[in-house]
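Peer 1: Here are the chains, one letter per residue:
6 protein chains.
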Amino acid sequence: VKREVTTDGGDSASRTAKYRFLLIQPFKLPEKSRFAVAASSGPKERQLVTYSHLANLLDDIDWDIHPGPPASHGDWPVENREEFALAAAARLPIVREACASGRYNAVVLLGGGEPGFDAAREIGKRHGVAVTANAWSQMHVACMLGNKFSVIDIAESHSMYYYSLIVAHGLAHRCASIRSIDYPFARPGHEDAPSLIGERRLLERGETSPGLERAVVQAIAAIEEDGAEVITLGCAATFWLRPHLETRLHEIGWDVPVLDGYSCSIAHAKLLVDLRQTVSGVTFPPDHPTRLRPRKPF
Amino acid sequence: VKREVTTDGGDSASRTAKYRFLLIQPFKLPEKSRFAVAASSGPKERQLVTYSHLANLLDDIDWDIHPGPPASHGDWPVENREEFALAAAARLPIVREACASGRYNAVVLLGGGEPGFDAAREIGKRHGVAVTANAWSQMHVACMLGNKFSVIDIAESHSMYYYSLIVAHGLAHRCASIRSIDYPFARPGHEDAPSLIGERRLLERGETSPGLERAVVQAIAAIEEDGAEVITLGCAATFWLRPHLETRLHEIGWDVPVLDGYSCSIAHAKLLVDLRQTVSGVTFPPDHPTRLRPRKPF
Amino acid sequence: VKREVTTDGGDSASRTAKYRFLLIQPFKLPEKSRFAVAASSGPKERQLVTYSHLANLLDDIDWDIHPGPPASHGDWPVENREEFALAAAARLPIVREACASGRYNAVVLLGGGEPGFDAAREIGKRHGVAVTANAWSQMHVACMLGNKFSVIDIAESHSMYYYSLIVAHGLAHRCASIRSIDYPFARPGHEDAPSLIGERRLLERGETSPGLERAVVQAIAAIEEDGAEVITLGCAATFWLRPHLETRLHEIGWDVPVLDGYSCSIAHAKLLVDLRQTVSGVTFPPDHPTRLRPRKPF
Amino acid sequence: VKREVTTDGGDSASRTAKYRFLLIQPFKLPEKSRFAVAASSGPKERQLVTYSHLANLLDDIDWDIHPGPPASHGDWPVENREEFALAAAARLPIVREACASGRYNAVVLLGGGEPGFDAAREIGKRHGVAVTANAWSQMHVACMLGNKFSVIDIAESHSMYYYSLIVAHGLAHRCASIRSIDYPFARPGHEDAPSLIGERRLLERGETSPGLERAVVQAIAAIEEDGAEVITLGCAATFWLRPHLETRLHEIGWDVPVLDGYSCSIAHAKLLVDLRQTVSGVTFPPDHPTRLRPRKPF
Amino acid sequence: VKREVTTDGGDSASRTAKYRFLLIQPFKLPEKSRFAVAASSGPKERQLVTYSHLANLLDDIDWDIHPGPPASHGDWPVENREEFALAAAARLPIVREACASGRYNAVVLLGGGEPGFDAAREIGKRHGVAVTANAWSQMHVACMLGNKFSVIDIAESHSMYYYSLIVAHGLAHRCASIRSIDYPFARPGHEDAPSLIGERRLLERGETSPGLERAVVQAIAAIEEDGAEVITLGCAATFWLRPHLETRLHEIGWDVPVLDGYSCSIAHAKLLVDLRQTVSGVTFPPDHPTRLRPRKPF
Amino acid sequence: VKREVTTDGGDSASRTAKYRFLLIQPFKLPEKSRFAVAASSGPKERQLVTYSHLANLLDDIDWDIHPGPPASHGDWPVENREEFALAAAARLPIVREACASGRYNAVVLLGGGEPGFDAAREIGKRHGVAVTANAWSQMHVACMLGNKFSVIDIAESHSMYYYSLIVAHGLAHRCASIRSIDYPFARPGHEDAPSLIGERRLLERGETSPGLERAVVQAIAAIEEDGAEVITLGCAATFWLRPHLETRLHEIGWDVPVLDGYSCSIAHAKLLVDLRQTVSGVTFPPDHPTRLRPRKPF
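Just so you know, the sequences run in chain order F, U, A, E, V and L. In the working numbering, each number is its position in the first sequence, counted from 1, plus 153. In the working numbering, each number is its position in the second sequence, counted from 1, plus 153. In the working numbering, each number is its position in the third sequence, counted from 1, plus 153. In the working numbering, each number is its position in the fourth sequence, counted from 1, plus 153. In the working numbering, each number is its position in the fifth sequence, counted from 1, plus 153. In the working numbering, each number is its position in the sixth sequence, counted from 1, plus 153.
Chain F extracted, bound-state conformation:
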């Protein structure tokens, strides 16, 4: 596992930064997969698709990136519940090794659906390492900025999995809606599905991104019809839309925050390190604790 971590070359002995983070991708597809969506090798900045938006946040962090566990379900991206459950388990040994290494004071789980988050927090607790994840961080930031948020997401299966994440985080009453822009990933049987990530290049070339246009439409509907006061982004494949979507909404008069998972989770990891907190040891107790609560009320 260790060899897969893309670092700046520092080793633990010499690490003196206030923030020492490992960012872990949710899964790694075979390099030559026709369905690959992100680089899993090369300079760490290149492995982080929205690095250019994040440079400001990352500049005082000593950070490494791990490409994630090889996908066991197939050579296409994780999108439905089964695929998320497999990715969750596969990522945990990486979390465990990172936490045990002593190299990091926070682990940032990349990936909109945050596979393995709760188990990773449990592992992190045991090593004093904060762990953050992309759905959770966005939701919690969103609740600080307004009464209700809506999620812009890509596919029916992903959205209903995401729906259950929002319920599990106890924030259903703060979510106005999940809005879909209908960009399910290409996968066997649907090889020709258009790539939302690919449209990023269209924008950079000055062309129109249909995905962005749909996101604008859905975000406006979320604000005007569903009551959203903040927009968050579901699948990580949409995170690059953040500044573009925010600008577009501002241009038409909606002064609404648009969040993305990477920046929120990195910022949350800093906050937890600043406060010297990971999670409550009562919420994530050890296996044979010295103190018991006979009663856990709701």
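You may find that some hints are simply not true.
What the hints assert, rightly or not - Derived DSS-like pairs: lysine-lysine, alpha-carbon spacing no greater than 30 angstroms straight-line:
| hint | chain 1 | residue 1 | chain 2 | residue 2 |
| --- | --- | --- | --- | --- |
| 1 | U | Lys171 | A | Lys171 |
| 2 | L | Lys181 | F | Lys171 |
| 3 | U | Lys171 | A | Lys181 |
| 4 | V | Lys171 | E | Lys197 |
| 5 | F | Lys181 | U | Lys181 |
| 6 | V | Lys181 | L | Lys197 |
| 7 | L | Lys181 | F | Lys197 |
| 8 | A | Lys171 | U | Lys197 |
| 9 | V | Lys197 | E | Lys171 |
| 10 | V | Lys171 | E | Lys171 |
| 11 | F | Lys171 | L | Lys171 |
| 12 | A | Lys197 | A | Lys171 |
| 13 | E | Lys181 | A | Lys181 |
As the list claims (entries may be wrong) - Stretch by stretch, here's where chain F covers chain L in the computed footprint (C-beta under 8 angstroms, at least three residues):
| hint | segment |
| --- | --- |
| 14 | 255-269 |
| 15 | 288-300 |
Keep in mind that the hints were calculated from the coordinates and are not lab data. Where a beta carbon is used, it is the ideal one built from N, C-alpha and C, also for glycine.
Once you have looked at the hints, place chains U, A, E, V and L on chain F.
Peer 2: Okay, now just chains U, A, E, V and L, sitting in the frame of chain F:
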């Protein structure tokens, strides 16, 4: 996988029963593990620890049992979030094969913490197979019998994982409390932890089971202090307590239902087969559905 | 009362079936009422309007049917709160006699608005007889199949009464909406109101049922606009729509469960008998119980 | 029915008071019943057990009292769900006649468990007559005075019925607890149960009322342990405790409002008449309304 | 302060009325302000813009009116959070003096956004004076009339402030929506904004009020789309619409209550005086109370 | 106002720090007040009572401190609702000037009861300045660390005001309880009330602090009885307890986070600056916005 299924010898061609169920254990420990809690081979009845309480429910079912995937975390039982996440992923291929085999119209996931349940329901949906699990079934039956239920459970880590299951199922407001009887599983470093399952033999020999006594105390506290109107059982290691606990509570004047996961999940599987339902295809949509809901409100 | 029960001719001495159920209609109109909606005499199968859909569920049940108490409010169907309150009281002596007779292990209350359900459960508890009802059963099954359900119903007054049932069952947060197809019953002053039940024959003759068409429209709106993941049916007069509505929705791509009250309540009664449960004795205590809870928290 | 109304002798033609109320008891026991709890004939003031506490509220009201329908369940007071369902239906014709008579602009339903309230409101709406009831009024006043209220009540069966009323009124989250003082009514088989109402005379003679003492204990527990900020009274048999309980609590330093059903419902009836409101016609629609809402969201 | 109170000339010695109320405006603008919206001197009836609708409610009250504290934020009406916070503090000394004077048994805070309400209730409690306010009173009356209410309001900033009031009063789940008719007050930079209050004269002259027309449209949308069963009015500048809006809605078939803050708060003040209640002393405790609750649960 | 700000001597032209914060106290008492609780002049570090605990958080911030507005209610600390309402208004001009000055990118409102927070956020929004406050920040951090938190607070009046803050922030369901250690501030009539802040010196001298002992007792009760998984601190007078209380709880085996308002609000301000967010412009709209939402749903 298939070879591990313990059957009555029937094959799919000859299967004509109304109910054709596969019961799947959550994990299998090495036969010689010092931490083993259940038989993973031999007659199917023997692999189901509380079979004697379930015979009535099972007698019109053509059922097989699968011992579950080999535990990858170690040779002790699954109890904390990390272990549950690993077991969840490991069980899915078994679910997938069972659903694809055409042999079953329902899969009953055994295990109090129901690892892999949501992903298994997604798989089941794609094959028209109902899937039930032990926390979910107990909660839903409990909500039919009274306003609030309390859970009797074994360990801090397991209970807080279970707490999150109740939240995820959207039933936190119906749960009065989780009450612990403090029987965490033996595991490395805690080899001498007493075995709750082992106490079953004490009872059968006419001796006292400390675990049962604690369960009586906690159930009474749940009723009198927390407002529980129904008692459910958390970890599957407690399921054998059901009739004993119910009798004891009735003897002291508390006419309160005590549920266990196995019977509730088997009964629920029958109900779903009777109604020809699995789950909603809107809640568990396919990867590239023909119909989209642009908006999923909360 | 006893003489009104339509049976198979067995008497209690010879009853050996696992399931021995009495189905009780909510009210009986005069045979010659111009507003009559169902047969209240003749073979038991004929008295159950959707028997053909239920045969599969009923085939291992030893069941009788009672035509319900004579309506005291008038000769038209029960639809508003006043009429439901009168029907509730009138049905209880039938429930009481059935429970006391020892002939049945479950009573299934027929009728979408389930008049008298809570009091009937109290009576059933005292005799060890399970009691189920049509709104309650549908809601609880729906919550097992998806996050939210919507109800297709017939009239404003009925729907607002039904609204209060959903609140009373503590499931308002799981109900997306009640959708009306505008088929209030004919009654004095509105003798010419069209009959939804009458349209069943239209369908059987290969003609179009306007009521079914409206139900399709409202169910689609419930799914696409309100967030329904499961469809339930309100007034019993709509229950016959179940297979037709489900088929129509599937044909247009909405793979959504459509439930009806009769099948859900019969299936629930089996489940309760299977689990040997009725209701909690703490929720439905006797008049002078031996055990008290000084405090009932919320 | 009309003849049973105890009036001041005015007839509708001469009625000019701003407030013209009919107070209706929930049930009438045979005069010679050994279980009788209240006078059902004689001067109207005598029929209202706590008249002396209410004189101030009633002095600008032109009020009559109706002794309620004869109890059909037996000759003991209404206390459990079955008895409440029977009383509910029996009271409606009285409500209907009162509303149709034109003599009253409000009907005040007496009785802690408010049998028939929702149906009575529906009837009242059709005649422009406000209807109030004792559980509902206390809860709504309590929510104006503090965050949470607790109910002091008499019996397990009554309290669990009352529990369902609180849920049905959508105020469960504002109720801290129901606290029981264990005074179930005498009834066949329990002829010697002590009478809480009888203890009123003890107090008047300067003796101690055990029921009051228990109410003090339970109210303190409600405040100190359950979080109650307001105390309400459940069964009407406890309403006379109001001033005594309030005084006792104030004496020991708890400056907490104690409410009773009669005064709150009378005051609410005045408020509704003052505001010229009964209930919403959307919530309580007519049978064949001119306006429809196809969608009733939750 | 005292000199600003417009009275009937009675002094406290001679006050014998059952209801002795002081109505306090939320702020007073300079007489010559181009943005003035109400008279702050002259006969008390003239200072109460909707007096003609309230005469019936006020006729048995010995009431005075106070023009409110001079606005410190500027010479335009209070509309946003900052302005409300300033007005809240400025009104408290008036409340304090009124309560201490012994002249009043209730204070009615005028103004839709009820600045200073909670602090005023605390002051009132200390003097045994009931305090009511316009958002709070409407919400509580609305919850008695139907399941859900919607608010008709004037401006984005006011509405989002009002949104937080509804949350703070714990009634968000009973509010369907806030609907805006887009009439923000004129203020520097927006001197030409049309005046909703000015349109009252249009109506009186038999002309059309665009504001009323928009209110009708939004109220219908609230009923048909949002699920409102009762309509309340947000900013006090809309209160005069009450009878006109109600009539219009009734004319088109929506038999829905329309409430306004003045009448509801006056009626609530009477109710509290009738019941001899102000607020709970547990909810609004003194600074050094004799009794403590170590635990305040939620 | 400006002259009261205690700075490091930098002026806006030279400010280049990433974080430029103004910390504002909630009120300033006369220097010679016998009830003074904190220094309001001198080096900025001295004005921040728990500076030694915060140095780590503050070291990369260019921060100033403002002593707060002079208290208008008297010369004792703010503790009840009336005093908080006065302090809220008095603080806003300071916030307004700070935001308009261009010197700061965040304002941190000091004070447990966060007077003026919502209005200050509105002001901040208009200038692009983030605003955080002590109750709000603790609650939001607590919700990230566990399911439920409890608040340790000083006085009945303060706690019930704080209770309303928790409701207003929409987080009542995440708060287990407020627990009081009974240290109301000295004030006229209660001049001899012990000073919790004064006990800090006791601890530093190696003596016992009764307040800390009570906080330990209440925190344990919160964990063991109320279900708290995280401890927060209410009144700012308790913030210095944070490390001591956390250590004590850890020593006895409760591995539970203890938060304080200063550190959480400073960390939150950094997070908001990092993410370039203040609040949603939809939640805090301008007075005459270009975009309207006719409907604000709940």
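Peer 1: Hint by hint, note whether the structure agrees.
Peer 2: Hint check results:
At roughly 16 angstroms between alpha-carbon atoms, U:Lys171 and A:Lys171 fall within 30 angstroms of each other, so this suggested pair holds. A distance of roughly 36 angstroms separates the Cα atoms of L:Lys181 and F:Lys171; the hinted pair therefore is violated under the 30 angstroms criterion. Between the alpha carbons of U:Lys171 and A:Lys181 the distance comes to roughly 36 angstroms, so the proposed pair goes past 30 angstroms and is violated. Restraint check for V:Lys171 and E:Lys197: the C-alpha separation of about 25 angstroms stays at or below 30 angstroms, so the hint holds.
Between F:Lys181 and U:Lys181 the CA atoms are separated by roughly 28 angstroms; this keeps the pair inside 30 angstroms, and the hint holds. Distance hint between V:Lys181 and L:Lys197 is unfulfilled; the C-alpha atoms sit about 40 angstroms from each other, more than 30 angstroms. Of the supplied pair hints, the one linking L:Lys181 and F:Lys197 is violated, its CA atoms being roughly 51 angstroms apart against a limit of 30 angstroms. For the suggested pair A:Lys171 and U:Lys197, the alpha carbons sit about 25 angstroms apart, so the restraint of at most 30 angstroms is met.
A C-alpha spacing of about 25 angstroms is found between V:Lys197 and E:Lys171, which places the hinted pair at or below 30 angstroms, so the restraint holds. Only pairs whose Cα atoms come within 30 angstroms are accepted, and V:Lys171 paired with E:Lys171 is accepted, the gap being roughly 16 angstroms. Between F:Lys171 and L:Lys171, the direct Cα distance comes to roughly 16 angstroms. Compliance with the 30 angstroms bound is thereby established for this hinted pair. Taken as a hint, the A:Lys197 and A:Lys171 pair is honoured in the structure, with Cα atoms around 20 angstroms apart against an allowance of 30 angstroms.
At roughly 28 angstroms between alpha-carbon atoms, E:Lys181 and A:Lys181 fall within 30 angstroms of each other, so this suggested pair holds. Residue count for the segment 255-269 of chain L with a Cβ under 8 angstroms from a Cβ of chain F: 0. That is fewer than the three needed, and the coverage hint is violated. For a cut-off of 8 angstroms, the count of residues in the segment 288-300 of chain L with a CB near a CB of chain F stands at 8, and the three-residue condition holds.
The structure fails hints 2, 3, 6, 7, 14 (numbered hints given earlier, in ascending order).
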